[in-house]
Amino acid sequence: MSTNHSILAHHFADLDQQRETETFGMWLFLSTEILIFGAVFTCYTVYRLRYPHDFEAASAKLNVLIGSINTIVLLSSSLTMALSVHATRVGRQQMLLTCLLLTILLGGTFLGLKVLEYYKDYKDNLVPVLAFKPEEWTQVQGEQGPVQPQRVELMLVFYYVMTGLHAVHMIVGMGLLIWLVVEARKGLLTTVRYMPVEVVGLYWHFVDIVWIFLLPLLYLTGTHHAADLHF
Amino acid sequence: MSEPITPTRTYYSVFAALIALTLVTVAVSFVELGAWHTTVGVLIGVVKASLVGLFFMHLLHSSKASWLAVLAGLFWLSILMALTLSDYLTRPLLQY
Amino acid sequence: MSSAITTGFVPQAKPRPPRAPGENYLNVAIGVKSWLFTTDHKRIAILYLVTVTILFFLGGAAATVIRLNLMTPTGDLVPADTYNKLFSAHGIIMVWFFLVPVIPTVLGNFLVPMMIGARDLAFPKINLLSWYIFTIGAVITLWALIAGGVDTGWTFYTPFSSKYARTNVMPTMIGIFISGFSSILTGLNFIATMHTMRAPGLTWWRMPLFLWAHYAASVILVLATPVLAMALILVGVERAWGIGIFDPELGGDPVLFQHLFWFYSHPVVYIMVLPSMGIISEVVTCFSRKPIFGYVFIMWSSVGIAVLGFLVWAHHMFVAGQSVYSAMIFSALSYLVAVPSAIKVFNWTATLYKGSISFETPLLFALGFIALFTMGGLTGLFLAALGVDMHVHDTYFIIAHFHFIMVGGSVMGYMGGLHYWWPKMTGRMYSDFLSKLAALIIFVGFILTFLPQFVLGYLGMPRRYHVYPPEFQVLNVMSSAGASILAVGYVLPLFYLFWSLYAGKPAGPNPWGATGLEWQTPSPPPTHNFDESPIVTTGPYEYSVEESEIVH
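Residue numbers (my numbering), protein chains in the order written: chain A, 1 to 231; chain B, 1 to 96; chain C, 1 to 552.
These are computed hints drawn from the structure, not numbers from a lab. It is possible that some hints are incorrect.
Computed list of lysine-lysine pairs in BS3-like fashion (alpha-carbon distance at most 25 Å, straight line) [to be verified]: (1) C:Lys505 - C:Lys436; (2) C:Lys290 - C:Lys354; (3) A:Lys133 - A:Lys114; (4) C:Lys125 - A:Lys186; (5) A:Lys133 - C:Lys505; (6) A:Lys133 - A:Lys120.
Pair ranges (Cβ atoms, derived) [stated by the list, open to error]: (7) A:Ala131 - C:Trp143: 51 to 59 Å; (8) B:Thr10 - A:Ile72: 16 to 24 Å; (9) A:Ser6 - C:Leu129: 19 to 27 Å; (10) A:Val182 - C:Leu378: 53 to 61 Å; (11) B:Pro92 - C:Pro462: 26 to 34 Å; (12) A:Val168 - B:Pro92: 29 to 37 Å; (13) A:Gly187 - B:Lys64: 31 to 39 Å; (14) C:Trp204 - B:Thr10: 33 to 41 Å.
Predicted model only: the values in this text are computed from it and were never measured. Note that CB positions come from ideal geometry on N, CA and C, so glycine has one too.
Given these sequences and hints, build the entire structure.
If you want it as structure tokens, here you go:
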């Protein structure tokens with residue numbers, strides 16, 4: 001099952017040092033991700049504060065149902081990911097494989113629903129440049145008069161950039177998970193060699209955390225008066 | 001082994017809390033809260049993110065260095081936001 | 001299901017492979033594959049040295065044409081569009097493909113594990129990946145710059161870059177974006193190494209200041225680069241999609257791009273200068289035979305520069321249209337950031353005072369750094385004043401200011417470091433006379449090139465124009481003449497350093513009689529650096545303990 005070679009790299013003194021370093025290294029990488037997503041969140045905040053009513057109107061048209069279902073799907077995938085790490089630590093190979101495959105399935109579900117959602121957005125004329133009709137928005141009343149279609153387009157640009165960037169990270173995560181499945185099937189993920197699962201898990205959970213913030217910021221700002229907006 | 005192994009019961013409890021908080025976030029968004037919508041949504045998000053970070057990501061048992069990485073990232077992001085907003089939020093104050 | 005199975009392997013430290021006498025990291029394996037697939041941090045440093053040197057001379061070639069064009073006020077050498085592409089290429093190559101990487105990837109990669117007492121960096125394979133990513137990014141960018149070019153300047157300001165530019169903006173940004181990952185991975189590697197792999201007895205307070213400088217620079221690399229990445233993505237999205245968040249027609253603000261861009265690009269200048277300052281600390285102590293004056297102050301000032309450097313970015317945007325209240329905040333913070341740099345200069349000077357000085361080549365470069373960096377830094381204080389900046393923004397005053405710091409500062413420091421550690425890296429000494437001559441030529445050439453530019457800027461000559469009013473010609477000719485001298489100074493080391501590889505005197509482990517773990521190994525060092533993990537019992541600059549003779 002397991003091949004007979006030491007997992008301790010030549011430049012580390014012991015496994016504890018190696019594992020601590022690997023965990024720290026991934027956290028450092030995640031802090032760069034905080035900044036890259038944070039940069040676009042900052043831009044979003046600037047415009048959200050400037051054009052609150054136009055942004056709310058745009059947000060009200062986004063698909064809250066799919067967004068919420070996707071949130072639950074992603075949180076579930078975090079659970080199965082955490083369980084994968086647990087399974088590796090206690091040596092339950094079958095559970096590890098099952099949980100990894102479930103995580104992939106849930107991740108795939110998320111991406112599939114996202115594709116469906118983008119398609120519906122396209123059909124609903126919510127894609128700037130490609131499918132957007134300003135005249136559909138000029139009759140919409142925000143709290144301070146008619147909504148400006150250009151500002152709606154601005155919000156939608158953010159929606160696609162932020163969910164798109166998130167989706168790219170999901171796809172990379174799926175690739176990492178597939179690699180883990182291959183390693184698991186070769187019997188290379190064990191009670192001693194568990195760091196690959198832990199480190200991929202950290203990445204996967206982080207991508208989940210980004211979505212946790214995308215939900216209220218993008219989808220839920222307009223729901224409270226979606227009914228009043230007279231679409 | 002360096003890190004303690006988190007029991008599965010903890011994972012399931014955290015998951016239940018996360019789902020509950022998600023439902024709360026969505027439900028609350030339909031209630032008229034005026035200007036507080038985003039703040040409430042983000043605050044609940046912070047609680048959820050903390051649960052994921054502490055338990056799923058094992059921050060609770062991680063080295064000080066890992067904590068430093070997270071806190072540094074968040075601190076620097078707050079600098080970016082605060083100082084950029086210091087420009088945009090003070091612009092309406094100027095009358096030319 | 002199945003009960004717990006304990007598979008896996010009992011951890012054992014890998015036994016050190018036996019080493020033949022005279023074997024070192026250079027001759028342990030030969031052939032292209034042994035270099036392109038190496039994970040040895042020292043070989044990777046050499047790979048970077050080659051790549052970065054080529055890029056330096058390409059950036060310098062662009063500068064040469066610029067200075068030739070500026071010999072005459074009518075700009076007859078190249079048309080305006082070509083001139084715009086030249087200064088853009090010069091800035092892009094020099095910033096991202098020379099100044100940011102050079103010291104961390106060449107000297108940092110080589111020395112960080114050795115100064116820590118480790119066998120390699122924390123993530124050796126990621127180190128190699130970093131070089132590949134850098135090289136690929138460089139190739140893409142160079143292709144874009146040569147096959148058509150960009151004319152946005154290295155600053156890519158919107159809406160020109162996002163909407164109106166008809167040049168190779170997209171591939172250039174893609175190349176820079178890709179090389180940004182290289183920066184992040186290098187910084188990440190250094191931080192992880194310093195946190196978890198210090199030798200027994202090497203506490204944070206005993207680390208050489210070169211390491212502290214690289215730690216601070218790595219923090220900036222890791223936290224600032226992602227914001228640039230996002231800024232470039234957003235411009236790329238606007239170009240590709242035809243719509244974007246900086247578009248005023250949508251209610252967007254082009255100045256928001258500048259906020260994101262400068263949030264990275266101001267700290268980036270500290271990435272360029274902090275490692276250079278680390279070199280100065282090492283060189284000044286060695287050649288005054290004294291412990292550094294105020295270790296704790298220099299250490300905290302490195303950290304202070306890294307933190308404060310993030311708080312000042314909008315001083316590049318005083319005329320851009322930001323709120324005047326915000327401008328005042330940034331102006332005040334910009335005064336603050338000068339303090340830690342000044343502290344360092346005082347401490348280096350105090351180290352030299354009453355030291356046993358020997359004017360070896362590295363010290364000559366270090367002294368040049370201290371003089372020129374101080375001048376450049378003081379002019380930075382002028383610029384932090386809103387009123388002065390209104391007058392000199394986008395003039396040659398700014399150009400002179402940043403060249404004093406980046407070339408008179410960073411590059412001089414790099415040259416000093418290269419000359420200081422060359423014997424360690426190659427096992428050879430270079431010509432003493434020629435290297436001192438090069439240092440002098442560079443210093444004189446630099447002053448002649450850039451001092452007139454302060455005057456030009458103050459008199460009102462704008463930057464990024466291929467023509468200028470005829471009354472500025474004398475100063476421009478002086479500047480171009482200086483540039484030609486500077487070029488000689490930079491080319492000269494190519495010759496004597498190369499020559500030293502074949503005919504230089506063998507260096508021995510410690511030709512300068514310096515303290516530091518890297519000098520405890522043979523020159524060149526063996527692949528694994530240390531036969532046994534060193535145990536550190538003293539602070540970093542215990543020169544009272546060393547013999548005062550310099551042993552060559």
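Now the hints, each set against the structure:
no.	hint	verdict
1	C:Lys505 - C:Lys436	holds, 17 Å
2	C:Lys290 - C:Lys354	holds, 9 Å
3	A:Lys133 - A:Lys114	holds, 22 Å
4	C:Lys125 - A:Lys186	holds, 23 Å
5	A:Lys133 - C:Lys505	violated, 76 Å
6	A:Lys133 - A:Lys120	holds, 15 Å
7	A:Ala131 - C:Trp143: 51 to 59 Å	violated, 35 Å
8	B:Thr10 - A:Ile72: 16 to 24 Å	holds, 20 Å
9	A:Ser6 - C:Leu129: 19 to 27 Å	holds, 23 Å
10	A:Val182 - C:Leu378: 53 to 61 Å	holds, 59 Å
11	B:Pro92 - C:Pro462: 26 to 34 Å	holds, 32 Å
12	A:Val168 - B:Pro92: 29 to 37 Å	holds, 36 Å
13	A:Gly187 - B:Lys64: 31 to 39 Å	holds, 34 Å
14	C:Trp204 - B:Thr10: 33 to 41 Å	holds, 34 Å
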